[in-house]
Each structure stands twice: as C-alpha cells, then as structure tokens.
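One-letter residues, chain by chain:
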Amino acid sequence: DTEVTQTPKHLVMGMTNKKSLKCEQHMGHRAMYWYKQKAKKPPELMFVYSYEKLSINESVPSRFSPECPNSSLLNLHLHALQPEDSALYLCASSPEDTGRETQYFGPGTRLLVL
Amino acid sequence: QKEVEQNSGPLSVPEGAIASLNCTYSDRGSQSFFWYRQYSGKSPELIMFIYSNGDKEDGRFTAQLNKASQYVSLLIRDSQPSDSATYLCAVNGGGANNLFFGTGTRLTVIP
Chain A
39 DTEVTQTPKH LVMGMTNKKS LKCEQHMGHR AMYWYKQKAK KPPELMFVYS
89 YEKLSINESV PSRFSPECPN SSLLNLHLHA LQPEDSALYL CASSPEDTGR
139 ETQYFGPGTR LLVL
Chain B
1239 QKEVEQNSGP LSVPEGAIAS LNCTYSDRGS QSFFWYRQYS GKSPELIMFI
1289 YSNGDKEDGR FTAQLNKASQ YVSLLIRDSQ PSDSATYLCA VNGGGANNLF
1339 FGTGTRLTVI P
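Chains A and B, in that order, give the protein sequences. First residue of the first sequence: 39, per the working numbering; consecutive thereafter. First residue of the second sequence: 1239, per the working numbering; consecutive thereafter.
Quick caveat, the hints were computed from the structure, so don't treat them as lab data. Be aware that a few hints might be false.
What the hints assert, rightly or not - With a straight-line Cα cutoff of 20 Å, these simulated SDA-like cross-link-like pairs (lysine to any residue) come out:
(1) 1240(B) - 62(A)
(2) 1280(B) - 98(A)
(3) 78(A) - 139(A)
(4) 1305(B) - 1290(B)
(5) 1294(B) - 74(A)
(6) 74(A) - 1284(B)
(7) 78(A) - 1305(B)
(8) 60(A) - 136(A)
(9) 78(A) - 1278(B)
(10) 47(A) - 1260(B)
(11) 1280(B) - 62(A)
(12) 1280(B) - 126(A)
(13) 57(A) - 103(A)
(14) 78(A) - 1315(B)
(15) 57(A) - 41(A)
(16) 1305(B) - 1262(B)
(17) 60(A) - 138(A)
(18) 1305(B) - 118(A)
(19) 47(A) - 100(A)
(20) 57(A) - 79(A)
(21) 79(A) - 1290(B)
(22) 78(A) - 1283(B)
(23) 79(A) - 1260(B)
(24) 47(A) - 1293(B)
(25) 1240(B) - 1267(B)
(26) 57(A) - 100(A)
(27) 1305(B) - 1260(B)
(28) 1240(B) - 100(A)
The structure displayed is predicted, hence computed values, not measured ones.
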C-alpha cells in the first residue's frame, strides 16, 4: 500500500491566521517531503526530513514551519501567510533519501490565502 | 542550478496512437529518473522510474534513458483518452533525494 494521506483537503485562511497541514504515511518510509505547486507549474521542494531530522530547507520563508513529530507524521505550520502563498501543498515520502528512491505523493492540500 | 526541460505541449494524439514525451536534463551526475502523471487538480502519480541506460517497459509504457545525451523519454502505446494528463519528468541528482521536476508536457488523447 503506497498511500500518503493529507489533511485537510482544502483550507482557506486569512493573513493573520495560524493553521497547520498534516501528512501521514504508514509505509515505514524514513524520508518525508513538503512541496509547493502553483497552477500550471511543477512541484517545488520546500523541506526534506530524513529519519525525523530536517535535512533540506530550500530557503523557505519562516512563515512556513515544518515539524516531524515521529516517523509517520509530518506537519507544516502556517503563520502570517501572503496571498501569493496560495497553492497546492504536496507531501511525499520515500523509503530512504539515498537519491534513488521513488517518492510517493499524497493528494495534497489546496490552500487559499485571503 | 539543475535544470530539467520538457516540451510543454500541448501534445495531441488520436486514440490508439503512440505518444512520445521527451525530457532533457543538465546535471550529468543525475542517477535516477522518474515519470509522473498528474491529472488536473490532483497530485502526481508515479508512472515509471529508470536508472540505467536503455529501455524499460511496463505495460503500455516504455521509458528510455540515454545518459550520454542527457535525455529521457516516455512512450505510451495504444493511447487512451484516460491518458490525457500532464506528464512530469523528474530527475534526482546524487546524494539527498531532491527531485527536480520539468515543467510538464500536457497530453491530450483524442477519441
């Protein structure tokens, strides 16, 4: 079962709100990822967690704060977002982060910032 | 900056024809190559991966890799209307599992 789940499916928030996106996988994967995808653009990597430690932060603004509470869960905390942050946020996981691993994507959270 | 380039299309083929999708990449150290299919409003779904030069077949799909030319392609035989989607080429460099995506090719299969 190659399933990654994400909640919520849709989120509307104001620029002063604080919200969190949640991602979960039960495949025993040790690497998890957050991507941002704008309309008609490819996914852009934001963060990589490997063995519950942050290994890559692609110069993402501090209003996005990732958290990996355990090996199955990945959160993305959102605070003081801007309208241009509206996008599809994708979570993915892979067995390891060795460079040859297939990444499996969740269904995404569609975020609208007003 | 690692670059992955695809013809954005749209590519239109009649039902039953072969669709050919192409991708080039800039980093010679790239080790693994992936094709994802993405329907409008949905997340990317893995179609194929390939690591070695040559062809790899899976059902109606064939991935082709030529590392010397830094070129990877996806052939879809007997194209179906349900194959209509955006196809994303993704390349992984050495080291950490950082995927670089092309901009995608939009494929339309005409019934």
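Hint check:
Between the alpha carbons of residue 1240(B) and residue 62(A) the distance comes to roughly 29 Å, so the proposed pair goes past 20 Å and is violated. Distance check on the hinted pair: residue 1280(B) and residue 98(A) sit about 23 Å apart at the alpha-carbon level, beyond 20 Å; violated. Between residue 78(A) and residue 139(A), the direct Cα distance comes to roughly 25 Å. Violation of the 20 Å bound is thereby established for this hinted pair. At roughly 8 Å between alpha-carbon atoms, residue 1305(B) and residue 1290(B) fall within 20 Å of each other, so this suggested pair holds.
Between the alpha carbons of residue 1294(B) and residue 74(A) the distance comes to roughly 30 Å, so the proposed pair goes past 20 Å and is violated. Proposed proximity of residue 74(A) and residue 1284(B) is supported: the alpha carbons are some 18 Å apart, at most 20 Å. At roughly 28 Å between alpha-carbon atoms, residue 78(A) and residue 1305(B) are farther apart than 20 Å, so this suggested pair is violated. As the CA atoms of residue 60(A) and residue 136(A) are separated by approximately 24 Å, the hinted pair breaks the 20 Å bound.
The straight-line distance between the Cα atoms of residue 78(A) and residue 1278(B) is roughly 9 Å, inside the 20 Å bound, and the hint therefore holds. Between the alpha carbons of residue 47(A) and residue 1260(B) the distance comes to roughly 32 Å, so the proposed pair goes past 20 Å and is violated. The suggested pairing of residue 1280(B) with residue 62(A) holds, with an alpha-carbon distance near 18 Å, which does not exceed 20 Å. Simply put, residue 1280(B) and residue 126(A) have alpha-carbon atoms about 9 Å apart, close enough for the 20 Å limit, and the pair holds.
A hinted pair counts as satisfied when its Cα atoms are at most 20 Å apart, and residue 57(A) with residue 103(A) qualifies at roughly 11 Å. A hinted pair counts as satisfied when its Cα atoms are at most 20 Å apart, and residue 78(A) with residue 1315(B) does not qualify at roughly 25 Å. For the hint pairing residue 57(A) with residue 41(A), the CA-to-CA distance comes to about 24 Å; that exceeds 20 Å, so the pair is violated. Between residue 1305(B) and residue 1262(B) the CA atoms are separated by roughly 10 Å; this keeps the pair inside 20 Å, and the hint holds.
Note on residue 60(A) and residue 138(A): the hinted pairing is violated, with a Cα-Cα distance of about 26 Å set against a maximum of 20 Å. Straight-line distance between C-alpha atoms of residue 1305(B) and residue 118(A) comes to about 44 Å, which puts the hinted pair past the 20 Å bound. This hinted pair does not check out: residue 47(A) and residue 100(A) have alpha carbons roughly 23 Å apart, beyond 20 Å. Of the supplied pair hints, the one linking residue 57(A) and residue 79(A) is violated, its CA atoms being roughly 24 Å apart against a limit of 20 Å.
Pair hint residue 79(A) plus residue 1290(B) does not hold up; C-alpha atoms about 28 Å apart against a cutoff of 20 Å. A hinted pair counts as satisfied when its Cα atoms are at most 20 Å apart, and residue 78(A) with residue 1283(B) qualifies at roughly 16 Å. As the CA atoms of residue 79(A) and residue 1260(B) are separated by approximately 17 Å, the hinted pair is consistent with the 20 Å bound. With a C-alpha separation of about 37 Å, the suggested pairing of residue 47(A) with residue 1293(B) is violated against the 20 Å cut-off.
For the hint pairing residue 1240(B) with residue 1267(B), the CA-to-CA distance comes to about 10 Å; that is within 20 Å, so the pair holds. About 14 Å separates the Cα atoms of residue 57(A) and residue 100(A), which keeps this hinted pair within 20 Å; it holds. A C-alpha spacing of about 14 Å is found between residue 1305(B) and residue 1260(B), which places the hinted pair at or below 20 Å, so the restraint holds. A C-alpha spacing of about 25 Å is found between residue 1240(B) and residue 100(A), which places the hinted pair above 20 Å, so the restraint is violated.
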